[in-house]
Amino acid sequence: MLIYFNFASQFLGKDMSSTVDYIPVIIQAAVAVGFSLATVFLVPKLGPKLHSRKKDMNFECGLEPEGNARFPISIRYFVVAILFVLFDVEVIFFYPYAVNFNALQLNGLFAVLIFVGFFLTGFIYILKKGALEWDK
Amino acid sequence: MIALITLFVTGLITLFVAFTRKPLLVGIIATIGLIGGLFGLMYESRYGIRLFPDYHGLNFDTTAVMFSFICIIFTTLLVWTGFKPLTENENHAGDHIALMIFSLCGALIMTSFTDFFMFFLGLEILSIPVYVLAGMKKSDALSSEASLKYFLTGSFATGILLFGIAWIYGSTGSFDLLEIKNAILNSTHNSSLLYVGVLLVLASFLFKIGAVPYHFWSPDVYAGSPATIMGFMASVVKIAAFAAILRLFTDTFDSISGVWGPLVLGVSVLSMFVGNLSAIKQTRVRRLLAYSSIAHVGYALLAVVTFDSVETTTYHYNVYYYLLAYGLATIILITAENIINDESDDIENWVGIARKNPILGLFIIMAILSLAGVPPMMGFFGKYLIFSQAIYDYPYIVAIALLNSGIGIYYYLKLIVKVLRKPYEAPKFDKLIICSLQWIVLIISGVLLLIGGFLLLLF
Amino acid sequence: MELLILPLALSLVSLIIPKSTRRFAALLGALASIVIAVVHLTSFHAGAFVELFSSNHQTFFRMTYQMGYDGLGLAMILLTNVIVFVILLANFENVNIASNKMFNSMVFLMQFALLGVFTSFDLILFYIFWELSLIPVFLIAFWFGEKDRKRTLLIFFIYTFIGSLAMLFSIFYIGTLTTGNYDYQTLVDIEMNTKTALVVCMGFFFAFAVKIPLFPFHTWQPETYTKSPMAGTMLLSGLMLKMALFGILRWMLPLTPEAYHCYKYVIIVLGLIGVIYAAVIAMKQNDLKKIFAYASISHVGLIAAGLMILSIDAFTGAVVQMVNHAFVAVGLFLAADIIDRRLGRRDIQTLGGIAVKAPKFAFWFAVICFAAVSVPLTSGFIGEFLLIKELFTDNAWIGVLIGTTLILACVYTFRAYQLSMYGKESSFNFNDLTITEIITFAIISIIVVVFGIYPQLLIDLVKPSLETILMTIKESSI
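From first to last, the protein sequence lines stand for chains C, E and P.
Letter 81 of the first sequence, counting from 1, is numbered 82 in the working numbering, and no numbers are missing.
Letter 88 of the second sequence, counting from 1, is numbered 90 in the working numbering, and no numbers are missing.
Letter 264 of the third sequence, counting from 1, is numbered 284 in the working numbering, and no numbers are missing.
Please note that a few of the clues may not be correct.
Straight line, CA to CA, 27 Å or less: simulated DSS-like cross-link-like pairs of lysine-lysine [as the list claims (entries may be wrong)]:
#1 167(P) / 358(E)
#2 424(E) / 139(E)
#3 170(P) / 420(E)
#4 416(E) / 170(P)
#5 167(P) / 416(E)
#6 420(E) / 167(P)
#7 39(P) / 433(E)
#8 424(E) / 380(P)
#9 283(E) / 167(P)
#10 39(P) / 358(E)
#11 170(P) / 283(E)
#12 170(P) / 424(E)
#13 170(P) / 433(E)
#14 380(P) / 358(E)
#15 139(E) / 130(C)
#16 129(C) / 24(E)
#17 283(E) / 416(E)
#18 121(P) / 167(P)
#19 129(C) / 140(E)
#20 433(E) / 121(P)
#21 86(E) / 130(C)
#22 130(C) / 140(E)
#23 416(E) / 129(C)
#24 130(C) / 24(E)
#25 121(P) / 420(E)
Read the hints as simulated data drawn from the structure, not as lab findings.
Chain C with its partners taken away, still in its complex shape:
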């Protein structure tokens, strides 16, 4: 990375002072990546290993596993899942608003009302479209 910057700054005939500021960042990134990689690869090598049929099986909350996990799921499930994610994420936007509720005054309220209005429209749309009906 540094070599690249050196090269690039020479190539462009520019000073590289601002790039030097990034050296700590790069070092930290290297340490972080190195540590996580090292953990992943070293842990299996270091610890002792014991195998048994039950131990190698998937852990299912202490219950005996039953049947195969790979069975077809209704496509509706995915639709609902995606919609859930969509409407779930929007709640995140309320947090900054709640924190700044006082500061934003009436303008903020209108903005949020418009925002919620759009989502309501979307909700009505999916209801009308029948995306939430299970048996259709």
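The hints should help you fit chains E and P onto chain C, whose structure is shown.
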């Protein structure tokens, strides 16, 4: 701003009106909304009204209004020409048109942004509906392939764009275009961070417009997606992307044109050659159009490089005019594709169109001649404007571009010959059904193509 | 004004006129355009410049336009209108073509483009009309041409289009010197160094050499002339080719006199090679149309070579010969087409004895042949005499070599005439000429003979403008 809001509301209304299961009503409302948006745009620019005086994220200046104008017109024409295929499935009649209108909202933002936030938003609003629309034909494997390919490559481009924006922010400390411009101008030496950022942004742009070497998605996506959506990608998406390029590169980054200029020039030359040479061997119309569109991007990029900061608006007009001519010709060909309406999209389906329907044949020939740049069609004047400007700085590149026009004439002419010749099976003279909306589209675009050049002489 | 609008209007009107009256209407329209041109002629003073359109300023998109005519332009306008009339008349009997709306429309569109070329005093406008002329002739040849014409026409279109693109490059290049002003006078006035002038003239030369066609660029021509229908061939040889010669005279020479010394002998030698090479090939051909196609290369080679001599005699000779060649070529191709239409073949080895069955045809064909080999009292004589004289003055060897055209032309023309008209008698029927065909031949012959006896008619018209052109060239080339 009025236009943007009008269009957005139109999109929403279209979605809900579709529940009545009356495609015609959907079409009428969409048309009214689009035309209303057009008037809103003109009204706002005519009287200089700002709906939200405090808000500075979008700035509808002259360039933005011009580009938005043709974006809206092209979308309207495309909705008309593709009305039947778009509303074929009654369940989704409203969805497709609404998605096109939402995408158009993104295009409007792309033409008028003043900071990188709005730019990124615009790009995403523009792209995501198109990803969906590309996969409109659910039962068609090619269409799904197109959608997935476009989505995957498009997300990569978006990622690269964000990365580039981050670098630019890192070096200038701002998202605002004006502040970035001043930061670049005021600093005695720009850090290489900035250059890397600019080049990353450039790469994502070149991806969006399908320039070589970021063109690999475009033939597959163009050929796979429905004809109307292909027209949308070739005209509106490209125009919006070029508007953004002009705003970013020739305005904000113009003081460091030494960094990106040569690259764009190289990309331009490569695009011409790859586009034209690959188009020669194509046997499917939409693939051919895709490659020819790559070549046209090459010509248009030439105009982006050869700007002189004194006459900025002039070459804005050059690009604008060129893309207008290109878009009109593409819309005519897309209409023909919709009329022929053949799944295999083989070039042999175009044989004998001029015999089956002479007027349609005339329009097609006009469009092809315009693409090839034969006077008196509008395409020639577009090329004239770009090349006569570019020759001041790059005579050799212009020579190469003209050589490429010479290569291009070969496949365009082959297409013309196909259109003109007798159909293979004379008795099977199946009539081409052209609905009145498609006639309107053909006539509007055809007349504009024909007289567009002479308007240059008058004004 | 009406000079240009009329053909354009005619080309649109002929689309909606009912089929039965279409060919008469077309003839009337062509006649009207001749009348308008003659009206312009009567109010024209030699050496004047008449302006038709002008922009007076650069438009927003840096475009200018100016149209008008001087003596040379007016001569070409008259030539165009008369030839278009003759072409329509020649096709009158061929009802399939003459009553086709697209055919009439395209011929008038072609006329419009040609008039535009001859009246443009703005380089971009010149280019637009120059390219526009390609479309109608391509379509005529495509729709009405002979079998397996597609490949030939593709080659023809691409060849000429690439030539034009080279010219476009030159136009852009010259535009950088005047900051985008393509006005004729401005362009003539600019001073270039030899290198720039050479770059500019190369583009023009390529475009014109392809269209004329000069020797190494002629490969598209014989096939295209053979595969096109008669009307297409007539338009190509009678008018389109004149566009290129006119272009040399109007644009290439006055614009790039600085490079004149570099290309003078190139063009003369290429013309000379073309004259002899094409004539030799014409002698061995059996297809009538091909013979006349090569004859055309041979004749125009002489004109192109003559244009390179900077003297008033050479220029007037070239213009006279341009007019003569237009009529003669139309006449020759008409004769070939009459045989083709009556018998369905053009191979002169299978013909023979037509003169006995169709004496009128034999007579008129002979008249045209005599005009083609430039016997005295035909305009060809005036033109070729002046050209060869000037070439001889410039360089005796070239003069001698190029003079062989007179002999070679006799050989291939009369070989064709003799083998098709006389020789062994065959058993086919050959209807003699109809009245319209006689009128067509008569018009051509009368014009050729009138200009042969009294060339001053033409020379007085064009001489002042040719002198102006000559002056501008000589000023800068020395």
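May I ask which of the numbered hints given earlier this structure violates, with the numbers listed in increasing order?
2, 8, 14, 23
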